[in-house]
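Engineer: Here is what each chain is made of, one letter per residue.
2 protein chains.
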Amino acid sequence: MDRVVIIGLGLIGGSMGLALKKAKVKNLEIVGIDVDRDAVVKASRKKAVDSTERTAAEAVKKAAIVVVATPLLVIPEVFKAIAESLPSGCVVTDTGSTKEQVMAWAEEILPERVHFVGGHPMAGKEISGIGGADANLFVEKSYCVVPSASASTGAVDLVVSLAQTVGSNPFFINAQEHDALVGGISHLPLLLSAALVSVTTRSPSWREMSVLASSGYRDVSRLASSDPKLGFGIAKTNKVNLIRWIDGYIEVLSEYRRMVLDDGEDLVDELDKVLLAREKWLSDAKQSDEDDLMKDLPTASERMSELFLGGNISRLMRREQEITDELRRPDKK
Amino acid sequence: MDRVVIIGLGLIGGSMGLALKKAKVKNLEIVGIDVDRDAVVKASRKKAVDSTERTAAEAVKKAAIVVVATPLLVIPEVFKAIAESLPSGCVVTDTGSTKEQVMAWAEEILPERVHFVGGHPMAGKEISGIGGADANLFVEKSYCVVPSASASTGAVDLVVSLAQTVGSNPFFINAQEHDALVGGISHLPLLLSAALVSVTTRSPSWREMSVLASSGYRDVSRLASSDPKLGFGIAKTNKVNLIRWIDGYIEVLSEYRRMVLDDGEDLVDELDKVLLAREKWLSDAKQSDEDDLMKDLPTASERMSELFLGGNISRLMRREQEITDELRRPDKK
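First to last, the sequence lines map onto chains A and B. Residue numbers for the first sequence follow numbering that gives the first Met the number 0, beginning at 0 and rising by one. Residue numbers for the second sequence follow numbering that gives the first Met the number 0, beginning at 0 and rising by one.
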């Protein structure tokens, strides 16, 4: 059996387990770990994991791949907790919302004998925690793959295969670029959504307003229901990009303000542009979904089995690692 | 037959027709009018209307109730076009997103022999136009009812009954308060959503960002797909409130910016507050939905039939109007 260890059984970790189960990868054992016992029980009941272990360190001992799906700021603690127990050649990945800081933590904390490949599935949901876990959460979503400098091709392949197996589309990107771009399409919207709830619920008229608020308000405010730890982690680890996006946004909104003051003639042109841009985005995304349907879907899970098969991947990595270690041996001329 | 004339067969007008048909109000004839012939054809095909007429003026001649569901800024033109043809005692209502200006137009343009009751169903959808029309669009949504000073109780009852018949919950409010509150929960979110699309699509990296943008971006940007005429109308007719809400929002967002700079410690508290506030809003809304399910739903449509029955309402109003006219007659001492 090839062991996948998922550390953190929230929305992402739980969905990952469910998606892997659904893909029926051969010889795969999914071990789930969470500090919250309740989450572990729920994940087991939902059959998102096959088993659990007492500690993360215990669980990773025989792991072929470890997926760290905890809140962002907990990642370094998890790395520290498992570092000594990780087997040689093991592939470690994460699902955190920012990547520069995570790559730095991995570089700093994880041992050289393991391969770190950063990951970020571009998927979310209103309901956080294991309660929202869904086998289809990642389907047709992009999945950012950020290989560390030292990760082997085999390790990168395995994370790519994992992303495909859960139904998503791997997207190679470097950590800096990831944080800059995701700042605009994910972290900024999160704060905008929350700020809308702040400004409206602070109003003395909120009671009446709340009765009138409808589907538009619900959608724009949806991300305000995200786990606050997510916003906290983003603010801590993507500060510069986030500030830059907030400033850009305030500039645009001030422009809108001027257009409203000017009787809206320019505003209608801008709204036309925006409508077309969004339509194009939606139709491009749809097109790429259709293109993806052309892929033979079972292939991803078969490929993952192959990569794992009989511990091939681990053996392969261990061999690679031995060569690397050998090359590094001080007594070598 | 009691004639309802719907002028403007877009998302709202079309949905109104479908909802009235679905409610099976007895003896009701739904006449639909639109300057766009295509919309009329589609509305007929969807069976949102029973028939059409060449002009709005023609259509309203025998109307018991006229629903003006055109874009906001077209409302005064429609009022002018129908003013002379409206029968005595006829009830006129609208579905515009702002109310102060609409009430002023009605006061200024509509003849005294008709009863104007402003209306605003708090419902919308990503797909605008007749294509998005949906018999359930108004179900469990609030429907603002803004009686003009001169509207009779019977006229107000009829609009309340119309709102209930299409499945929504009537909410009495005055025009000024309406515009202030709706500015925060509807007009502001519309601009915020559009501004997110502006700032992201203007980025030189939009091509890559567009691949990563996922469900969070989709939801927060949803209102950017609204008909630009809606934003234009709002900007023109609710300028002061909109500017006030934009300013309040920029203030909150600047506060968020400071909290991000300060390492997010206060931000996580604010996000906690916001999460709870939104949960409360969602659960209150759900609770009121459940309360509403206690109402006997067919009642609304029966009540509307009764109000209409055999032209009772029109006759009643005509009588009221005759009395008013009599009282006003200059020869009366």
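Keep in mind that the hints were calculated from the coordinates and are not lab data. Hints may contain errors.
[To be verified] The list that follows gives simulated cross-link-like pairs (lysine-lysine, DSSO-like), each with its CA atoms no further than 27 Å apart:
#1 B:Lys-238 with A:Lys-272
#2 A:Lys-228 with A:Lys-238
#3 A:Lys-279 with B:Lys-60
#4 B:Lys-228 with A:Lys-272
#5 A:Lys-20 with A:Lys-41
#6 A:Lys-23 with A:Lys-41
#7 B:Lys-285 with B:Lys-272
#8 B:Lys-60 with B:Lys-23
#9 A:Lys-228 with A:Lys-279
#10 B:Lys-279 with A:Lys-41
#11 B:Lys-272 with A:Lys-124
#12 B:Lys-61 with B:Lys-41
#13 B:Lys-272 with A:Lys-235
#14 B:Lys-21 with B:Lys-45
#15 A:Lys-272 with B:Lys-235
#16 A:Lys-124 with A:Lys-238
#17 A:Lys-124 with B:Lys-60
#18 A:Lys-285 with B:Lys-124
Predicted model only: the values in this text are computed from it and were never measured.
Engineer: For every hint, state whether the structure bears it out.
Structural biologist: Hints, verified against the model:
1. B:Lys-238 with A:Lys-272: Satisfied, since the Cα-Cα distance of roughly 21 Å is no more than 27 Å.
2. A:Lys-228 with A:Lys-238: Holds - the C-alpha atoms of A:Lys-238 and A:Lys-228 are around 15 Å apart, at most 27 Å.
3. A:Lys-279 with B:Lys-60: Not OK: A:Lys-279 and B:Lys-60 at ~44 Å, beyond 27 Å, violated.
4. B:Lys-228 with A:Lys-272: 13 Å, holds
5. A:Lys-20 with A:Lys-41: Judged against 27 Å, a Cα distance of about 15 Å means the pair holds.
6. A:Lys-23 with A:Lys-41: 21 Å, holds
7. B:Lys-285 with B:Lys-272: 20 Å, holds
8. B:Lys-60 with B:Lys-23: 23 Å, holds
9. A:Lys-228 with A:Lys-279: 33 Å, violated
10. B:Lys-279 with A:Lys-41: 25 Å, holds
11. B:Lys-272 with A:Lys-124: 19 Å, holds
12. B:Lys-61 with B:Lys-41: 24 Å, holds
13. B:Lys-272 with A:Lys-235: 19 Å, holds
14. B:Lys-21 with B:Lys-45: Holds, because 12 Å separates the two Cα atoms, which is no more than 27 Å.
15. A:Lys-272 with B:Lys-235: 19 Å, holds
16. A:Lys-124 with A:Lys-238: 23 Å, holds
17. A:Lys-124 with B:Lys-60: It is violated: about 52 Å lies between the C-alpha atoms, which goes past 27 Å.
18. A:Lys-285 with B:Lys-124: 19 Å, holds
Checked against the numbered hints above, the structure violates hints 3, 9 and 17; every other hint is satisfied.
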